[in-house]
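Peer 1: Model the full structure from these sequences, guided by the hints.
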Amino acid sequence: MNRRHFLASLPLLYSGRLLAAPSAPARFLLVFLRGGYDAANVLVPVSSADYYALRPNIAIPKDAALALDGDWGLHPALAETLHALYGRGEAAFIPFAGTEDTSRSHFETQDSIELGQPAGNRSYASGFMNRLARELGAGRGISFGTQLPVAFRGEAPVTSVALNMAAKPAVDARQSELIARMYAGTALAAPVAEGFAARDALMREMGDEMIAANRNAIAPGAFEAQAQRIARLMRGEYRLGFVDVGGWDTHVGEGGAQGYLAQRLTELDRGLGAFAGAMGEAWRDTVVLVISEFGRTFRENGNRGTDHGHGTVYWALGGSVRGGRSAGEQTRVARASLFQDRDYPVLNEYRSVLGGLFGRLYGLDSGALARIFPGTTARDLALL
Amino acid sequence: MVRRLLPLVVVIAAGCASTPPPRAWPEDSPAAQMQVLNRVSWGANQSSYAEIARLGSARWLERQLAPQPGRMPPEVQARIDAMTISQRPVAELAGELERKRLALQGAAPEDRKAERQALQEELQGLARETQTRMLLRALHSPNQLEEHMTWFWMNHFSVFQYKGPLRALVADYEERAIRPHALGRFRDLLGATARHPAMLLYLDNARNSAGRLNENYAREVMELHTLGVDGGYTQRDVEALARVLTGWSLDLSGGELSRFYPRRHDASDKVLLGTTIRSRGAAELDQALDLLARHPATARYVSRKLAVLFVADEPPADLVERMARTFTASDGDLRQVLRTMFAAPEFRASLGTKFKDPLHYVLSSLRLVLDERPLAEPQPVMGALARMGEPLYARATPDGYPLTRSDWASPGQFATRFEVARGVAYRTPGRIWAEPLGALSAGTREALAGAAATPEWNLLLLSSPEFMHR
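So the sequences go chain by chain: A and B. Residues in the first sequence are numbered consecutively from 3, following this note's numbering. Residues in the second sequence are numbered consecutively from 160, following this note's numbering.
None of the hints are false.
Which stretches of chain B does chain A cover? Using the computed rule of at least three CB atoms under 8 angstroms from a CB of chain A, they are:
#, stretch
1, 539-549
2, 553-559
3, 564-572
4, 606-618
If you're looking for bench data, these hints aren't it; they were derived computationally from the structure. Here a beta-carbon is modelled for each residue, glycine too, at the ideal position from N, C-alpha and C.
Peer 2: Shown next as C-alpha cells:
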C-alpha cells in the first residue's frame with residue numbers, strides 16, 4: 003500500500019502519533035531563506051500571460067520550467083531534488099503564503115514571523131519554535147549557526163552549534179567542566195551548558211570525519227556540506243532544527259533560467275537533497291519547511307531584478323508529506339489579483355498554516371496550538 | 160581619594176554652543192574608572208587605566224570626546240602608512256581594478272585564469288589591509304571613543320565588502336565618509352554615506368534611474384539609517400525618495416568616483432513625508448536628507464541605538480528622550496548627544512552589565528593581553544571574528560550587527576568563544592592582569608584556584624562570566 007494514501011486515510015488525531023514513537027516526536031527543520039526570495043521565479047505561474055508581460059527580461063520561459071501542473075512550473079535549477087521529491091509526492095507548495103505585515107522590511111517581517119505573535123503586541127522574549135519545543139517537552143531544539151534565531155528565544159532549553167567548526171575542540175572535558183561551574187547559578191548557565199552539549203554531540207556524530215576535516219573547514223554558504231551535518235544531528239537527539247540560508251535579496255540582475263538566482267537555487271536544491279539522503283530511514287518522519295519573509299514585486303524593476311513584495315511560496319518536504327500538489331487557498335496569477343497592484347496577495351496566513359501543520363505532525367490539540375500561535379486558529383491544509 | 164563632589168548636572172540645553180566644563184564624578188573610584196574604560200573603550204588595559212586614573216573619569220571622557228590627532232604609537236602608524244590603502248588614491252585604485260575586470264570580461268572562463276586569480280588576490284589584499292587597519296587602531300589608538308564610534312557608524316551605515324568591487328572601496332568609505340564625522344554631525348555622516356561609491360554600489364542606487372527605479376537604498380536609508388521602521392514613512396515615501404535619488408551613480412573611469420547624471424534623474428516634483436520637493440536635479444538630495452536628518456523620529460532612533468551600545472539592551476526611555484532632545488536642539492551634534500548620555504545617572508548605573516558581542520569580546524581580550532605590544536598577526540583575529548559570526552565589513556544584510564545579549568548569548572556562541580579564549584590564553588606569557596574584571600565571584604575564584612597551569616588560568620579568566628560583560 004502506498005504510504006501516503008495509507009496515512010491520508012487515517013483520522014487526523016492519530017497521524018502525528020503514528021509518525022513517531024511517543025517518546026520521540028517527529029523531526030521538523032525550518033529553513034529560513036533570508037532576504038525574501040523571488041517566489042514567482044521559483045514556483046513559476048506558467049499559465050499567466052501577465053507574468054510574462056511584466057517580466058520581459060527575467061521570466062522563466064514556459065519551455066524551460068519543469069512541469070508541475072497546468073498552472074505552475076518549477077525553476078529548472080531545482081530539478082535534482084525538489085522536482086524529484088514533488089514527483090514522488092514528497093514535496094508540496096503553499097503559494098500565496100506569508101504574514102499580515104506590510105512593512106516590506108526584511109528585518110521587521112523576519113521578526114514578526116519568528117515571534118509568531120499577534121500583530122501589535124509583540125514580545126521579543128518568545129519565538130514560536132521555542133513555544134513548540136515547550137509544548138512537545140521532548141526532542142530538543144537546535145539552531146545551526148553561532149547565533150540563536152528569534153524563533154528559538156524563550157523558556158525551553160534549546161541549543162545552537164557552529165557547523166563550520168573544523169577541528170576537535172581544544173577546550174578539553176576538564177576545562178569545559180571548570181568553565182561550566184563558573185556559570186552555575188548565573189543567567190548564562192543554561193546556554194553555556196547547552197553549548198558544550200551540542201559541541202559534544204557534533205563530535206560524537208562526526209567522529210573521525212571531524213578530525214579528518216581539519217584542513218577542510220566548511221566555507222560559509224556551502225549549504226550542501228552543512229546540510230550533511232544538520233542531518234547527522236537531527237537523526238540523533240535534536241528533533242527541532244532551524245537553519246538560515248541567505249543571499250536572496252535580488253534587487254539587481256537576478257537572472258532567469260540561468261544567472262544569480264539560479265545558482266543560489268542550485269546550491270539550496272543540492273543541500274536539501276543531501277539532507278534528505280543523509281536522514282535515511284528518518285526522512286519518513288521528517289518535515290522540512292522552507293520559508294522566507296516575503297515575496298518580491300511581480301513586475302521586474304529597472305535593473306532586471308525585483309524589489310520587496312508581500313505574498314510568497316512556502317515549501318513542505320518530507321517522506322510523509324502529502325505532496326505533488328499546491329496546498330492552501332489559491333487565486334489566478336494575474337495583475338488583477340495582485341496586492342496593491344504590486345505583489346502576490348497573502349491568502350494563507352503563516353501562523354494558521356504552521357499551526358495546522360504542527361497539529362498534524364504532533365497531534366497537538368487546539369489549546370496547545372493556541373499557546374504556540376496565540377490569537378489565531380490553526381488551519382489544516384492536510385500537508386501530512 | 161579626595162574629590163570635590165559636584166552635583167551631577169544633566170546636559171539638556173545642549174543647543175548652546177559653549178562646552179560645559181568637565182565635572183568630577185561623585186564616587187569616581189578606581190573600580191568605577193575601570194568600568195567606564197570597559198564600556199567606552201574597546202577594553203581596559205594597564206596603559207589606558209593609567210590615563211583614566213590620572214585624569215579622572217570626567218576629564219578622560221572629555222578628552223575622548225575631543226580626540227587629538229597624532230597620538231597613535233609611531234610603530235603602528237608606520238604600518239598603517241605603508242599600506243596600499245593609505246598610499247594610493249581610491250579613484251586610481253578602483254579605476255585600475257575596474258579596467259582589469261573589464262579586460263577579463265570578454266575572455267572565456269577557462270582562459271586567463273592567472274589574471275583572474277591575481278585580480279581576486281589584489282581585492283583580498285585590500286580587504287586584509289582594511290581589516291588590519293581597523294584592528295590596529297581599535298587595539299592601539301589612545302583615542303578609543305573615536306575608534307569605537309567609527310566602528311559604530313560603519314555598522315550603522317553598514318556595507319558588505321564582498322559585493323562587487325567593494326573591497327577596493329571600504330577603506331576609503333571608512334576614512335572619508337565615516338571617520339571624520341564619527342564624533343561630528345549626524346547630517347554630515349548621512350550626506351557622506353549617501354554619496355559614497357561604496358553605499359551607492361551596496362544598496363544599488365548606482366542603478367536607480369528615471370523610469371527604472373530601484374528602491375533598495377531609498378527604503379533602507381529611512382528604515383535603518385534615519386527614521387527607523389516605525390518612523391512613520393510609507394511605501395509612497397519610499398518611492399518618492401527613490402525618485403529623488405535617481406541619477407546618483409558612479410564613474411569608475413577615474414576622477415571623482417560618485418557622480419550625478421542629470422539625464423538619469425526623474426524630473427518631476429516629489430512629495431516626501433508630506434513635504435514637496437520641487438524638481439531641481441542634484442539639489443533635491445540635500446533637501447531630502449535634511450528632512451530625514453531633522454525628523455524627530457531620527458533623533459529618537461539614533462539616540463536609542465547609541466544608548467544600546469553604551470547603556471543597556473533596553474535603554475531607559477527617559478534617557479533616550481533626553482538624548483533625542485539634545486540631538487534635536489544641537490542639530491544632530493553627536494558629541495553633545497554623547498555628553499548628555501555620559502552625564503546621565505542611568506549611564507553610570509548600567510556599567511558592567513552589557514553582554515559583549517564577539518567584536519567587543521575579542522578586542523577587549525587582545526587589548527588586555529597585548530597592551531602596548533602591537534598586534535603582530537591580524538589574520539587569526541579576522542578568522543576568530545568570522546567563526547563567532549561577526550566578521551569585519553562582512554555583515555551580509557544592511558542592518559549591521561545587533562548589539563544585545565539575546566542576539567549573542569547563545570550556546571553555539573559560547574562553545575566557539577571559549578575556543579577563541581583558549582587560543583588567546585595559550586599564547587600569552589604569564590598571567591593576564593585581572594584588575595579590569597573587577598571583583599570576581601566565588602565561582603570564578605574557585606575555578607581559577609583549580610587551574611593546572613598559567614595558560615589554563617588565563618583561559619578560565621577570559622572565559623569567566625565577568626569577562627563576558629562590559
